[in-house]
Amino acid sequence: MDIFNWTLDPWSGMRQFRRELEGAFGRFSRAAGVRRLTPPLNVNQDEEGVTITAELPGTKDSDLSVEVENDKLRLKVKRARPEDIKEEQYHRRERPMGEFSRELRLPAGLDAEKVAADLKNGVLMIHLPKAEAARARKIAVAAK
Amino acid sequence: MAETAKMEEVKATPMVETEEARSEVESTRGERYVTPVVDIYETDDELVLVADVPGTEQEGIDLKIENRVLEIAAHRMAMSKDEPEYAEFRPASYYRAFSLSDVIDSEGIDASLCDGVLTVKLPKSPKAKPRTIDVKAG
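Residue numbers (numbering that gives the first Met the number 0), protein chains in the order written: chain A, 0 to 143; chain B, 0 to 137.
Think of the hints as simulated: they come from the structure by calculation, not from any bench.
Some clues are possibly wrong.
[What the hints assert, rightly or not] List of simulated lysine-lysine pairs, DSS-like, C-alpha gap at most 25 Å:
| # | chain 1 | residue 1 | chain 2 | residue 2 |
| --- | --- | --- | --- | --- |
| 1 | B | LYS126 | A | LYS85 |
| 2 | A | LYS113 | A | LYS71 |
| 3 | A | LYS85 | B | LYS123 |
| 4 | B | LYS120 | A | LYS119 |
| 5 | A | LYS59 | B | LYS63 |
| 6 | A | LYS113 | A | LYS59 |
| 7 | A | LYS77 | A | LYS129 |
| 8 | A | LYS59 | A | LYS85 |
| 9 | A | LYS59 | A | LYS71 |
| 10 | A | LYS119 | A | LYS59 |
| 11 | A | LYS119 | A | LYS71 |
| 12 | A | LYS75 | A | LYS59 |
| 13 | A | LYS119 | A | LYS77 |
| 14 | A | LYS119 | A | LYS85 |
| 15 | A | LYS85 | B | LYS128 |
| 16 | A | LYS85 | B | LYS120 |
| 17 | A | LYS119 | A | LYS129 |
| 18 | B | LYS63 | B | LYS120 |
[To be verified] Facing chain B, from chain A, some residues (calculated, C-beta under 7 Å):
| # | residue |
| --- | --- |
| 19 | VAL42 |
| 20 | GLN44 |
| 21 | GLY48 |
| 22 | ARG78 |
| 23 | GLN88 |
| 24 | TYR89 |
| 25 | ARG92 |
| 26 | MET96 |
| 27 | SER100 |
| 28 | GLU102 |
| 29 | ALA115 |
| 30 | ALA116 |
| 31 | ASN120 |
| 32 | GLY121 |
| 33 | MET124 |
Each residue gets a CB set at the ideal place from its N, CA and C atoms; glycine is no exception.
Whenever a hint applies, use it, and build me the whole structure from the sequences.
As structure tokens, this is what we get:
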């Protein structure tokens, strides 16, 4: 699914996607007290590269898959409640559960081979460094 | 912490679901707080509260009981100062308060944090646990 339309502003496609997402479920809407799993993402960018952050509490490495293929990043998450507790035992069920998959088209100039992800305290950070050629290089000016 | 915080009942009897938006609680510390989402379920022996508080660590959790009110505060560690290029969420710290009925034995409360999920076990006082009653033939 080509979610993002990269123009001069690589993130304009994401804003469009976000508007659609909020229209569809609204980040803060709850149907019958049970929430769908739609973890929001933040993207940071600096000279080193791009970092994508998602809050995924209670998620272990084995529930998560991060794949990079060509210019696409695919994130899959699975979350389930403990199986030994029956529905009628719950007084409240607000935590979002289920399976979630999201695909991002990455901007050019990133080194997909060097993608690294770490998961700590329920926060996932995916680091995508800029490819060497794309980094701004200081050019030494020799005095003559 | 703040007068605007909502108090909720945690009873042994089924509760009515209330519609709440994630609320922002004003804080004197200057941090931004949101209400964490929780699951609450009941077993024969206890009530268990599970809260999503990603980005927090053990040192950042403040659990307090006073006058049968359980206050949960989870402060986020080291927030990045950089503004995201694109943000769908804003990291915040967490706060929520619950009033406990006397079904709960506030002495035995146990809490643990793992992968950004806080689990609080609230044991029921002995008289609140289900007991079978022998029926004598008469």
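Hints versus structure:
1. B:LYS126 / A:LYS85: Cα-Cα ~23 Å, so holds.
2. A:LYS113 / A:LYS71: holds, 14 Å
3. A:LYS85 / B:LYS123: holds, 19 Å
4. B:LYS120 / A:LYS119: holds, 23 Å
5. A:LYS59 / B:LYS63: violated, 29 Å
6. A:LYS113 / A:LYS59: At roughly 22 Å apart (the allowed maximum being 25 Å), A:LYS59 and A:LYS113 satisfy the hint.
7. A:LYS77 / A:LYS129: violated, 29 Å
8. A:LYS59 / A:LYS85: holds, 23 Å
9. A:LYS59 / A:LYS71: holds, 23 Å
10. A:LYS119 / A:LYS59: holds, 9 Å
11. A:LYS119 / A:LYS71: holds, 24 Å
12. A:LYS75 / A:LYS59: holds, 12 Å
13. A:LYS119 / A:LYS77: holds, 17 Å
14. A:LYS119 / A:LYS85: violated, 29 Å
15. A:LYS85 / B:LYS128: Distance of about 18 Å is within 25 Å: holds.
16. A:LYS85 / B:LYS120: Distance ~17 Å between A:LYS85 and B:LYS120 Cα, so the pair holds.
17. A:LYS119 / A:LYS129: holds, 23 Å
18. B:LYS63 / B:LYS120: Holds. B:LYS63 to B:LYS120 sits at ~13 Å (cutoff 25 Å).
19. VAL42: Result: holds, 4 Å to nearest chain B Cβ.
20. GLN44: holds, 5 Å
21. GLY48: violated, 12 Å
22. ARG78: Nearest chain B Cβ about 10 Å off; hint violated.
23. GLN88: Since chain B brings a Cβ to about 4 Å from A:GLN88, closer than 7 Å, the hint holds.
24. TYR89: holds, 5 Å
25. ARG92: Holds. Min distance 5 Å.
26. MET96: Violated - the Cβ of A:MET96 stays beyond 7 Å from chain B, reaching only about 9 Å at its closest.
27. SER100: violated, 16 Å
28. GLU102: violated, 15 Å
29. ALA115: violated, 17 Å
30. ALA116: violated, 15 Å
31. ASN120: holds, 5 Å
32. GLY121: holds, 2 Å
33. MET124: Where the cut-off is 7 Å and the nearest Cβ of chain B is about 10 Å from A:MET124, the hint is violated.
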